[in-house]
Every structure is written in C-alpha cells, then in structure tokens.
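Q: Sequence:
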Amino acid sequence: MLQDFPEEYEDKSGMRTVSGTVTLAKNGQNLIGISIGGGSPYCPCLYIVQLYENTPALNCENLQCGDEIVAVNGVSTKGLTKNELAKCIQDKNSKVTIQYNKLICDTKRGKTLDIKLKKMKHKIIEGMEPTTADALGISRAVLCNDSLVRKLEDLSQKAKLAKGIVLRTIRSMKILQARILGHDQMAAAFKSIAGRDSNHQSYLDLAKIHEIMRTADRELIDKTKPIISDIIVFTDTIIPDARLTVKKYADVKFEYLSYCLKIKEMDDEESECIAFNEPLYRVETGNYEYRMVLRCRQSSREKFQNMRKDVLEKLELVDAKFQAEFPDLIRTILELRAEHAANIAKIENHLDIFPIEADLDQQTFEYGSSSEDDPVALDALSKELDSIELHEDCEKIEDSDTLINFD
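For the sequence shown, position 163 matches number 253 in our numbering, and the numbering has no gaps at all.
Any given hint might turn out to be false.
Taking lysine to any residue and the SDA-like style, the derived pairs with C-alpha atoms no more than 25 Å apart in a straight line are [unchecked claim]:
(1) Lys102 <-> Ile205
(2) Lys399 <-> Ala340
(3) Lys241 <-> Thr305
Treat the hints as calculated values from the structure; they're not laboratory data. Only a predicted model underlies this, so the values are computations on that prediction, with no experimental measurement involved.
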C-alpha cells in the first residue's frame, strides 16, 4: 500500500511533531526503561510504547509514549526493526543520546465514543464474577492484585458493624425513654395514693424509688447520646466521604482500563493483518492513531496512579481512626450500661417496705350479683375493654421517633 504514496508519506491525522534530544544514563541492568513498537518492515516509524516505573527514561520527564525515536548516538534508526533498535541501545556505553520527535496531540481527541462505551462496560461488569463475564464473552481489562478492593470490603464491614451498634443502642435508648415515662406515671400514682392513705410513707418511698430510677435512666441516655453522635459521624460523614472518593477513583480506573483494552484490540488487529499478510493503513503511514492512544493511556495512567495513592491514604486514615476510637466508644457504652444496671440493682436490694397496709373501702371486696347482671355496667365494661389497643408487635415502640429527640 505504501507504493501508492510518496516514500516518506505519513498520515499524522492533524497531529504534529517537535524534535528533541535527551541523554540518558543506563541503570544497573543496562536498560533505559522503554518498550519499543513499530519499525521495519511494516511501519516506517519506531516509537515508544511504554515507559517503565523508576527508570531513567521515565525520570527524565522528556520522553513520552508515542514519541518517535529518530536516532541513537547520532545513528539513524530508519529501516531498523524494534529488536535491532533495542540491541543498538544495549550495545552502547553507560550513557545513550536519543534524538526523538515528540508527538504533539490533544488527548481529548483520544476519548472517543469507543472509549466511553468501553468505560461503561467496565462499570457494568465491575460487580460481576469473572466466570460470569467469561461465560457472556465480555472482553475487559482487569487490575491484578488490587489491594484497594480488600480495603473497600473491610471498610464496608466496619461501616455495617458501626451502624448495627448505633441502631441497637438507639433502640435501647428508646426503651429507656418509654420506661422513664412509666416511672413518672408510677411516681405520680404513688404520690396520689400517699395523699389519702394512712400508710403514706411507704407510698412516698415507692414514689421516690421510681423517681431515682427515672433519673438513672435519664443519666444513661444523656451520657450515651454524645457517644452515639460520634459513631454517627463515622457512619454518616466519614464513610460516605471515603466512598465518594472511591467513586471518583473508580471513574478514573475504568477510563484507564478502557485505554488498555483499546490498545489490546489494536494490537490484535495489527497481528491479524500481519498473519494474513494484509497491509494496515494506519501502520504503514506512521501509526499515529495508535500512538495517540498510547499517549492517552499514559496520561490516564498517571492520573489513575495519583488518584489511587490519595484513595489508599484516605482509607488508611479512616481505618486508623476506626481502630483508635471505635473500641473506646464501645467500651464506654458497655461501662455506662454496667454502671446503670448495678445502680438499679442496688436500689431494688434496698427496697424493704413490704408488706404495705392499705385502707380500702368496705365495698372493695363485695362482689354483688346486681352489678354482674346490670346490662348498663356490662356495656360500659365492654366499651372500656374495646378501647384498649394491644400491640401485637413490640417493634412499634422501637420504631417510634417521638421518644428521643437528638436535636
């Protein structure tokens, strides 16, 4: 296909190049840290496919993925294969001078509809089992040994644990609130009886005991509220903020994986054409489309790595906060409840006022037949019984929002 165009024809697709020179010192393995693509006999250009971590090529910050290598130590690379170029670099001394043509392109152009669809596909299959995705024949890129997945699972388990403790503690506080109302009513009833009974001191003592128990319940609620507020801050503020950060990280991760999948598909297309000895236009004219996707992948990878570092640091801080504060909060709740139970038991043990003598009306224990046969009395009793509502499910008390006001 190249014979249809001039010998030096390159389809740059609106992109341009700028010449540059860089001198790199080899590492201990006699490498500069680049992966090379293109070259004779299929592509007129030799270009950088990947820059490896912690290598001279990446640290110099001049070379980028997609840049064309024009010469090594003044020797032109025209007509060389990528293996010959790699051998040429390795045969040089400790320092290598590379002349290159830097690819100037807009990475926004690389975010095509195909990349957006791949990104959406990665989002959909994120929650799938690998076997399910394989059975459906869905191609995707996967991060191996992703420690962030385990940290997210641990965070979800801790959030679930904290929320469960909050719900159970609030349920017990609502029961205490209901019991406080019962103590108030019992204390008022015994005071009312003491006002018209000769043995009034015993009833006053009973009323006082109910008031003490009401005060103990109220103190337990007041001391537990700040602790529950601290746990709620963890479950309703810190955890959602961490999840929002993870959501942003996931968006960047899916974009990076989409570029990886796109490059894999383009590599497969090129290998297929080579296998069938069929020319591929983009390869024979400089492979600029492929090189732009390489540049987009490098940019997305850098963004992904920075975001991943931030997310890991935030999750570690959340985990450290949970490990440092959560056990102390739970221990405080248990100590408060144990102290409350001990105080209530002490009060009940000192309750020694029985039996109580009570002045009752002479007709209290007289059950005359007239009242039983009186239809008016029976009808009034029936209406009174019908007015009583029995709670079949005690959860109605627990679900009441009027018992405790946290404001």
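Q: Each hint needs a verdict: does it hold in this structure or not?
A: Cross-check of the supplied hints:
1. About 21 Å separates the Cα atoms of Lys102 and Ile205, which keeps this hinted pair within 25 Å; it holds.
2. As the CA atoms of Lys399 and Ala340 are separated by approximately 13 Å, the hinted pair is consistent with the 25 Å bound.
3. Between Lys241 and Thr305, the direct Cα distance comes to roughly 44 Å. Violation of the 25 Å bound is thereby established for this hinted pair.
Violation of the numbered hints given earlier is confined to hint 3; every other hint is satisfied by the structure.
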